[in-house]
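*Asks:* So the protein lines, in turn, are chains A and B. If you're matching positions, the first sequence starts at 1 in my numbering and goes up one per residue. If you're matching positions, the second sequence starts at 1 in my numbering and goes up one per residue.
Hints were generated in silico from the structure; no laboratory data involved. Mixed in with the good hints, there may be bad ones.
Cβ-Cβ distance ranges computed for the label pairs, FRET-style [as the list claims (entries may be wrong)]:
{"#": "1", "chain 1": "B", "residue 1": "VAL233", "chain 2": "A", "residue 2": "THR364", "range": "51 to 59 Å"}
{"#": "2", "chain 1": "A", "residue 1": "THR364", "chain 2": "B", "residue 2": "ARG545", "range": "29 to 37 Å"}
{"#": "3", "chain 1": "A", "residue 1": "THR52", "chain 2": "B", "residue 2": "GLN574", "range": "30 to 38 Å"}
{"#": "4", "chain 1": "B", "residue 1": "ASN485", "chain 2": "A", "residue 2": "GLN365", "range": "41 to 49 Å"}
{"#": "5", "chain 1": "B", "residue 1": "GLN321", "chain 2": "A", "residue 2": "ALA302", "range": "47 to 55 Å"}
{"#": "6", "chain 1": "A", "residue 1": "THR364", "chain 2": "B", "residue 2": "GLN321", "range": "27 to 35 Å"}
Computed list of lysine-lysine pairs in BS3-like fashion (alpha-carbon distance at most 30 Å, straight line) [said to hold, decoys possible]:
{"#": "7", "chain 1": "A", "residue 1": "LYS39", "chain 2": "B", "residue 2": "LYS567"}
{"#": "8", "chain 1": "B", "residue 1": "LYS204", "chain 2": "A", "residue 2": "LYS240"}
{"#": "9", "chain 1": "B", "residue 1": "LYS592", "chain 2": "A", "residue 2": "LYS224"}
{"#": "10", "chain 1": "B", "residue 1": "LYS567", "chain 2": "A", "residue 2": "LYS265"}
{"#": "11", "chain 1": "A", "residue 1": "LYS240", "chain 2": "B", "residue 2": "LYS567"}
{"#": "12", "chain 1": "A", "residue 1": "LYS224", "chain 2": "B", "residue 2": "LYS573"}
{"#": "13", "chain 1": "A", "residue 1": "LYS240", "chain 2": "B", "residue 2": "LYS558"}
{"#": "14", "chain 1": "B", "residue 1": "LYS465", "chain 2": "A", "residue 2": "LYS368"}
{"#": "15", "chain 1": "A", "residue 1": "LYS39", "chain 2": "B", "residue 2": "LYS569"}
{"#": "16", "chain 1": "A", "residue 1": "LYS224", "chain 2": "B", "residue 2": "LYS558"}
{"#": "17", "chain 1": "A", "residue 1": "LYS240", "chain 2": "B", "residue 2": "LYS578"}
{"#": "18", "chain 1": "B", "residue 1": "LYS558", "chain 2": "A", "residue 2": "LYS165"}
{"#": "19", "chain 1": "B", "residue 1": "LYS569", "chain 2": "A", "residue 2": "LYS321"}
{"#": "20", "chain 1": "B", "residue 1": "LYS578", "chain 2": "A", "residue 2": "LYS321"}
{"#": "21", "chain 1": "B", "residue 1": "LYS569", "chain 2": "A", "residue 2": "LYS40"}
{"#": "22", "chain 1": "B", "residue 1": "LYS558", "chain 2": "A", "residue 2": "LYS368"}
{"#": "23", "chain 1": "B", "residue 1": "LYS573", "chain 2": "A", "residue 2": "LYS368"}
{"#": "24", "chain 1": "B", "residue 1": "LYS567", "chain 2": "A", "residue 2": "LYS224"}
{"#": "25", "chain 1": "B", "residue 1": "LYS519", "chain 2": "A", "residue 2": "LYS368"}
{"#": "26", "chain 1": "A", "residue 1": "LYS224", "chain 2": "B", "residue 2": "LYS523"}
{"#": "27", "chain 1": "B", "residue 1": "LYS592", "chain 2": "A", "residue 2": "LYS368"}
{"#": "28", "chain 1": "A", "residue 1": "LYS224", "chain 2": "B", "residue 2": "LYS575"}
{"#": "29", "chain 1": "A", "residue 1": "LYS321", "chain 2": "B", "residue 2": "LYS575"}
{"#": "30", "chain 1": "A", "residue 1": "LYS240", "chain 2": "B", "residue 2": "LYS569"}
{"#": "31", "chain 1": "B", "residue 1": "LYS592", "chain 2": "A", "residue 2": "LYS240"}
{"#": "32", "chain 1": "B", "residue 1": "LYS573", "chain 2": "A", "residue 2": "LYS40"}
{"#": "33", "chain 1": "B", "residue 1": "LYS488", "chain 2": "A", "residue 2": "LYS240"}
{"#": "34", "chain 1": "B", "residue 1": "LYS558", "chain 2": "A", "residue 2": "LYS265"}
{"#": "35", "chain 1": "B", "residue 1": "LYS248", "chain 2": "A", "residue 2": "LYS368"}
{"#": "36", "chain 1": "B", "residue 1": "LYS582", "chain 2": "A", "residue 2": "LYS40"}
{"#": "37", "chain 1": "A", "residue 1": "LYS224", "chain 2": "B", "residue 2": "LYS578"}
{"#": "38", "chain 1": "A", "residue 1": "LYS321", "chain 2": "B", "residue 2": "LYS573"}
Note that the coordinates shown come from a computational prediction; the quantities given were computed from them, not determined experimentally. Idealized CB from N, CA, C, for every residue including glycine.
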Amino acid sequence: MVKNRKASTSLEAASSPEQEHLLGEGGGALYVHLPYCVKKCRYCDFNSYAYTDQNIDAYLSSVLREAELRAPGLRPQTLFVGGGTPSFIDADRLKSFFDNLNDITGFADSVIEATMEANPESFDDETAQAVFGAGINRLSLGFQSLRNDVLLAYDRVHDVDRSFKAFESARNAGFDNINIDLIYSFPGQDLNDWLSDLESIHELSPEHLSCYELSYEPGTSLTKLRDAGRHQQNSNDFAKQMFDLTRAANSSAGYLPYEVSAFSKQGRQCQHNLTYWNSLPYIGLGAGAASWQTPYRVMNIASPEAYVGALAASESPHQEKTACSPTTILFDALMMGLRLENKGVSFEHLFNLSGLDARQHYATQWSKFIDQSMVVFVEENEGTYVRATALGYLHLDTILGELLPDDVVLTV
Amino acid sequence: MSKSFPAERIRNFSIIAHIDHGKSTLADRFLEITGAVDTRNKQAQQLDSMDIERERGITIKAAAVSLTTHVNGVEYLLNLIDTPGHVDFAYEVEKSLQACEGALLLIDAAQGIQAQTVANAMLAMEQDMTIIPVFNKVDLPHARPEEFAGELENTLLLEPELALHCSAKTGEGVEAIIEALVARVEAPQGDPHAPLQALIFDAKYDEYRGIVVCVRIINGTLHKGDTAHMIGVGADYEAVDIGKFMPKMVTHDSLSVGEVGYFISNIKNLEDVRVGDTMTISKGERAEALKGYREPQPMVWCGVFPVSSGDFEDLRAALKQLKLNDSSIIFEPESSEALGFGFRCGFLGLLHMEIVQERLERESDLSVVQTAPSVPYQIVLKDGSVKDIHAPGMLPDPNLFEEIQEPIVTTHILIPVESIGAIMSLCAERRGTFLRQEHLSANRVMLTWDLPLAEIIYDFYDKLKSGTKGYGTMNLESPRFESANLVKLRILVAGNDADALSTICHADNAQRRGRAVLKVLRKEIPRHQFEIALQAAVGGKILARENIRALSKNVTAKCYGGDITRKRKLLAKQKEGKKRMKSIGNVEVPQKAFLSVLTTDE
Ligand SMILES: Nc1nc2c(ncn2[C@@H]2O[C@H](COP(=O)(O)OP(=O)(O)O)[C@@H](O)[C@H]2O)c(=O)[nH]1
Ligand code: SF4
Ligand SMILES: [Mg+2]
Chain A
1 MVKNRKASTS LEAASSPEQE HLLGEGGGAL YVHLPYCVKK CRYCDFNSYA
51 YTDQNIDAYL SSVLREAELR APGLRPQTLF VGGGTPSFID ADRLKSFFDN
101 LNDITGFADS VIEATMEANP ESFDDETAQA VFGAGINRLS LGFQSLRNDV
151 LLAYDRVHDV DRSFKAFESA RNAGFDNINI DLIYSFPGQD LNDWLSDLES
201 IHELSPEHLS CYELSYEPGT SLTKLRDAGR HQQNSNDFAK QMFDLTRAAN
251 SSAGYLPYEV SAFSKQGRQC QHNLTYWNSL PYIGLGAGAA SWQTPYRVMN
301 IASPEAYVGA LAASESPHQE KTACSPTTIL FDALMMGLRL ENKGVSFEHL
351 FNLSGLDARQ HYATQWSKFI DQSMVVFVEE NEGTYVRATA LGYLHLDTIL
401 GELLPDDVVL TV
Chain B
1 MSKSFPAERI RNFSIIAHID HGKSTLADRF LEITGAVDTR NKQAQQLDSM
51 DIERERGITI KAAAVSLTTH VNGVEYLLNL IDTPGHVDFA YEVEKSLQAC
101 EGALLLIDAA QGIQAQTVAN AMLAMEQDMT IIPVFNKVDL PHARPEEFAG
151 ELENTLLLEP ELALHCSAKT GEGVEAIIEA LVARVEAPQG DPHAPLQALI
201 FDAKYDEYRG IVVCVRIING TLHKGDTAHM IGVGADYEAV DIGKFMPKMV
251 THDSLSVGEV GYFISNIKNL EDVRVGDTMT ISKGERAEAL KGYREPQPMV
301 WCGVFPVSSG DFEDLRAALK QLKLNDSSII FEPESSEALG FGFRCGFLGL
351 LHMEIVQERL ERESDLSVVQ TAPSVPYQIV LKDGSVKDIH APGMLPDPNL
401 FEEIQEPIVT THILIPVESI GAIMSLCAER RGTFLRQEHL SANRVMLTWD
451 LPLAEIIYDF YDKLKSGTKG YGTMNLESPR FESANLVKLR ILVAGNDADA
501 LSTICHADNA QRRGRAVLKV LRKEIPRHQF EIALQAAVGG KILARENIRA
551 LSKNVTAKCY GGDITRKRKL LAKQKEGKKR MKSIGNVEVP QKAFLSVLTT
601 DE
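Next comes chain B alone, as it looks inside the complex (with noise of 0.2 Å):
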């Protein structure tokens, strides 16, 4: 097994799909048919590495692994990219197909073609991959792949007889995807004795091996022992140790054009490894660099703080942790007046961010407190600069910058045609801009719609679940950015300004929002022996006021000679209570009140 596969015999496809249409299933079938795995000690969705993506179903990190199979008695080497299911954004997926010459595009028979299929297909064909439709889940009794084929051609423009069908369950219709795959996808092209030229298509931290570089070979040959060239980065690392994902890790003395498999060497940070790099051979002639990736840019930032202040360290500790497996987590520290020392930390999108969390959570025993969920905005300067804006504090004087700007994306939604109105006037509502409609079948439409990416991160999705009853599904492309009439909405407490609360917003929203505040405030706010006023504000400008009426009375009615223990205990007690107060003022707010405000979707 140390020697190179010629390069004619070897197939490098990926399997994209909506979540749930199998993906992770049908990876452990290949596994098992092709003999990768031991069938009696085979784990449920092999490939799903974390524990938390298989408690999610979901995978999180894109991995590869190399099958080799006989089709018509000659030996094939299959490697299988796996891409990430769920994905905030399509950018996350390109990663993984760049690797590929093919897809096999999963579509579950009994719910076709969905946001994530189209969006899949979508980045497969502007590669110009090989597409293999196949149709999962045939077993179940109500499986319409038949219908669904008409969608296809409608939605994809793809021919629907080329379509395979299976039941990753039950491993039918999988050998004939195999034999699809060897007969339909182009084999890997390039020159063995060219200069290395090799694609980074992922990295991550092993907690045994250090840093795992994934690598897609173009041209040339990887030898143990070769001092490599990372281009983008301009680094030198010597190949201690390469081989192949089978899908365990099993060292090769060589790895040659087609073949995909890891680099291991003395590398200290994930960031010294750029995802989307060509990595060549340090001496002698350098290869040219390959088209890259585009870097992800973090499109939701939000506040992460610890439960207890003393935990702050450890939880830079933590974080930088979660990086070495995800360099796509971005954080810096952060004070609030409200919650204290904790950090601004940057996510490819919600789901990242929730996955993140999670993984914090679970892998270093700390507890965190998350601010509500915010997009980077960018403000052009007077003298023509952009500068990045993702916290509230950050934003400076509005007579200092020409424009402010913020993220916008084009977004596909796939709806039941009798849920067009509700979905329309909710992007509507949401800001959007209506670009078309376009009809898969008789009874499904996909809107398309541009929509500010600040609108779709409160509860756009959860609108879109109940406005269909369950069936839209959505899609996001990259994020652009673009100018819009945005404010910073004051919060005032007693007429003191409470910076820990301001938010940017539209400002048509601005009003809805500072009333939102007002009432949580209103609400969470104890009585004080005053009146409080509470009030939202853009510039000088009230939008929205609150009062906060005086407590009339707070005395202990009986107070005797055997009463002076207890209640100095109580009123101990509820001055412990009042620690957890912040003032703003002469007015005590509690911690509650902040968090509440700052994790509010509304």
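Just chain A, with the same shape it has in the complex (with noise of 0.2 Å):
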């Protein structure tokens, strides 16, 4: 344990972000879903609500329930709370909720990274010092754009003031490892609008940053508006243009991509997140939240009034306990592996991970796409990874619907 512990100071000499994750003692990662956001924004399709007048207390309370239930000292290594929006609920109930959890799991002393999701418009210095007092470490803001314009069309309830506001708050308060979110290729931007919004994000200078291409989820309104034909979705063309351009410029500010659209300066990369991307297990608690213990996908009951009725009337609060078989456990682990950046996946990994041979189980696959520069096999002190070549990476789910085993899940 105190080895390990010890590890965990010197991220910063580590290289690869699998040996920079660090593998604990029982631990592993914890997540936690609070759901309510002031309204919905346009693309997205998060298990999240615009608040009405549901009842939070009786939600937290129910997490915690959940947490005394899944998760008591489990120590984890890393915490996520995210949303909906996290800070929408006030510094008083947020601190009370963390120790409470703090209580129960023991996380301020056990872990290497707290991150909490907050959104510009409910993040103020009040909250920002409450959490951080709390045991969270790790700030994840949801800037997404740098134009009103943009903020406005998109249903987001916060100016750009009010986001540069909210990271004075995270530093005045101490958060020294903040993630900006933010999302490119809105129609009608270009690629100049894009390059300067990063150029004052860089001079901001947080330690990570988050660049999603806009994207089209089913169902979302913005999806809706775009089928109707009211909106004009980006071409295919555009958008990789766009996500060229924001790893370049990021890579050169420093910020250096390690997956499809995280970047981070030396050594600051998501902890929390590697867990997901190594296919390494973790426990979800909270509405929709979702759990993965080998070989177990657990999902909880989406609804934050059907979980609270639940955990309520004492009953599980899953919703789905999938079983994954070899295949899928190995396909899966491609899926998210694949997505490292300058560094895939490694066969003994895999092998640890599901039990099968992955070099010899997708052979005619990896002939192909070898074939074809879709990936390399490469050699290295630990082992043989399969990785994406810079074609493949731009065509990992090309490659994804390839290797997508026959038998996708078996639930219990």
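Work from the hints to combine the two standalone chains into their complex.
*Replies:* Structure (structure tokens):
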């Protein structure tokens, strides 16, 4: 334990995400979902709800109840509190929630990284100090855009000034590990607009950047607008130019890409998200939260009301528990691992996870992809990695489509 | 009703007309007037027995009906032979006409002579039949029978004063038609004591009675229980049941000279009966064969594939069932890279093809995919022998044959004078050869062109209709084969031959056709992570090319712990869609792309 904790302090020296990621005894990763927002953003397909008069106290105590059942004394290595908009909940409630969560799981003492998501409209000095004091040491701020017209058009409820103020509050409260979320490829936005926005962000100097291409998820109001012909999605070619520009600009400013949409300063990769991309176990608490406890994928009831109801009735908050077959485990591990830039995933790791020899299992696909310059095999100290090439990285979904097993899931 | 009728009081006739000029309606009136059907429970258009015919208002199968009537106190037997009103080629009508001595040439008094009026009248004249022109629909306010009587004389050299007027709808003038039939049409000539000589003019499959053969007795007498001999087929069948269509089948003990009726035996296959064959008697003195019909040849071919591959055997069974009723359908198994296993089917023409497909779906409950129609070709091999080619895949390497021939049809097109320019250039564009132009009247002309059938089956009829504001009509004579500069158009996808997409076409059209195919493919093949070259070629010569640009990126922006299951399901759904893709080399081509190409009429 001690040894491991020590390793965590030498993150700066580590070069590969997997190496950087800490494999502790027990512990693992803990996710907590707080689903409320002021208003639903146009592109949002998260399990989030515009707050009206839901009983937040009942929700928070249900999450704590679930923590007691599923994570007592967990001492996680990473904590991630996402949403929704966790900062939507007032400072006092958040503080007491984290204190209680700490009583149950002991996270404040065990984590190397405890992130909370926040939106600018609801993140002020008071909230910043309250959560920092309660053991949260990393902040993920939803800027999304540096253009007020865009924020307005996509139903964001803050303006750009407010975003910068929130950042200042975070720094003032003591946060030295901050991520900023940005979205690009809004129709109408040109390469220069985006470049100058990125430069402003670089000046602000957060530790981490998540830059997502605007996506059209099934069922969002944005997708409906597009399908009704009232919104023109950018061309695939233009999206690719934006993607390239994002990586070039971030890299030259010292934000190195390590995943499709994630960039960080040296040593500031998000430890919690690396758990996902490395297919290591995690527990998710709250409405719609997912858990991965090999070989089970668990999905909680999505509706906050139903979730609260289930826990109140001492029923399982799980909506779905699925035992994954070895081929599915292998596939999932590739789906996540190939996202890691310049890294990929090692056959040894894949074998440990699934019990399958991925090299042999996918022999025909690999030889085709290698032929097409989509993937390469790379020998590194620890073993052989399968890694997407620059071309393959742009076409990961094409690759995955061909790797997908036929026996997708077994529901328990 | 069991004795045969004296020949001198029999009249055998057909009604011939352009589509919709009122043939079926007039037949109904005859049935009513002669008391063959009770007017209270009549169904409109009695002779069209199949649902589909009723819906489309056309007659698919020739049917016969025997009617008795009195004229001046004398009883006559009128045998009405119903000809198919909507035909692809004239020879389909010949079947029925050969069983008659007279024909009613029915003309819509509001529309005048149309292409099929001319075609049918000419066929009747070739057989030396008595023609009685009748202007129908005189009840219509815009009926102009007097004006069109002039056309009758100009086009068909028929004396206008002999024409009758009637309304099949109201019954006005129908009695007079019956009187004219009795007075003008010759009674059948023949010797009832001579050896049996009967013409088989139709055969159909009846669910309850099995195979029903329609016969017209030329000489001799057929008795129930006789063993009949089919001269052409060389088979013997016992007359288990014989009788007349009144219009329901009514048993008779014998059928004699001039009579028209049915013959039922234990015949298994419709193929065992050849329409046009002569029936005589097995024992004793046999008669000579009558001059038969031309065997109809399939002139339009297309692939018919089951939508789900598991339905292949059901499709075969359904086609066999249809063939029982319509022996002119031809089918053979075909396999296509794109569409799997199905059948290459031959039809008499486009209309025939349409009707068969409709019946197939209606009667069998199968959904089928049908490829674009093509015509049959013939190649003359080095040794002089001739081989039929009715699928592009059958075409051998050009240096293995001497020449290739395509079907050419002489086409009569009746149009208003003001459309001459438009239709002349349409025919010229379609590689036609102009034969002549005849004026029917001051404002209507008949153009006669030789046209390659391949050019007609692609939307020619639609173009004719639009070029004449709907007034143009056309009629095709029987096709003949002529040498032409035809090539096999290859389609290459990323350098690989896509056999399922190749077609035979005229060298002059290859580039246009090639471009059209590539345009469709460019639309239907999804972008890949690499650029895809599409080419159309004849031999090694590239005639057209298109590129499908590489897809720039295909990667999900966000994928965290909560997204895994959903993302996997999404990919699974996309993969499901890909199952309908076929690969040509490295390129995944959706089934829909093949289909769009195979069904494009361009
Ligand atoms: N007004 C009028 N309509 C008629 C007459 N005869 C037939 N029709 C109509 O013309 C159409 C075609 O008739 P049909 O008998 O099916 O023509 P077929 O295609 O020659 O058999 C139908 O709508 C009939 O009702 C007639 O004498 N007067
Ligand atoms: S703030 Fe985040 S979770 Fe809430 S609606 Fe907007 S995108 Fe969705
Ligand atoms: Mg009819």
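*Asks:* For every hint, state whether the structure bears it out.
*Replies:* Evaluated hints:
no.	hint	in the structure
1	B/VAL233 to A/THR364: 51 to 59 Å	holds (57 Å)
2	A/THR364 to B/ARG545: 29 to 37 Å	holds (31 Å)
3	A/THR52 to B/GLN574: 30 to 38 Å	holds (37 Å)
4	B/ASN485 to A/GLN365: 41 to 49 Å	holds (47 Å)
5	B/GLN321 to A/ALA302: 47 to 55 Å	holds (53 Å)
6	A/THR364 to B/GLN321: 27 to 35 Å	violated (44 Å)
7	A/LYS39 to B/LYS567	holds (25 Å)
8	B/LYS204 to A/LYS240	violated (66 Å)
9	B/LYS592 to A/LYS224	holds (26 Å)
10	B/LYS567 to A/LYS265	holds (29 Å)
11	A/LYS240 to B/LYS567	holds (21 Å)
12	A/LYS224 to B/LYS573	holds (20 Å)
13	A/LYS240 to B/LYS558	holds (16 Å)
14	B/LYS465 to A/LYS368	violated (54 Å)
15	A/LYS39 to B/LYS569	holds (28 Å)
16	A/LYS224 to B/LYS558	holds (20 Å)
17	A/LYS240 to B/LYS578	holds (24 Å)
18	B/LYS558 to A/LYS165	holds (27 Å)
19	B/LYS569 to A/LYS321	holds (15 Å)
20	B/LYS578 to A/LYS321	holds (29 Å)
21	B/LYS569 to A/LYS40	holds (25 Å)
22	B/LYS558 to A/LYS368	holds (26 Å)
23	B/LYS573 to A/LYS368	holds (22 Å)
24	B/LYS567 to A/LYS224	holds (20 Å)
25	B/LYS519 to A/LYS368	holds (29 Å)
26	A/LYS224 to B/LYS523	holds (24 Å)
27	B/LYS592 to A/LYS368	holds (25 Å)
28	A/LYS224 to B/LYS575	holds (24 Å)
29	A/LYS321 to B/LYS575	holds (24 Å)
30	A/LYS240 to B/LYS569	holds (25 Å)
31	B/LYS592 to A/LYS240	holds (28 Å)
32	B/LYS573 to A/LYS40	holds (27 Å)
33	B/LYS488 to A/LYS240	violated (41 Å)
34	B/LYS558 to A/LYS265	holds (20 Å)
35	B/LYS248 to A/LYS368	violated (70 Å)
36	B/LYS582 to A/LYS40	violated (42 Å)
37	A/LYS224 to B/LYS578	holds (25 Å)
38	A/LYS321 to B/LYS573	holds (21 Å)
Violated hints, listed in ascending order, are 6, 8, 14, 33, 35 and 36; each of the other numbered hints is respected by the structure.
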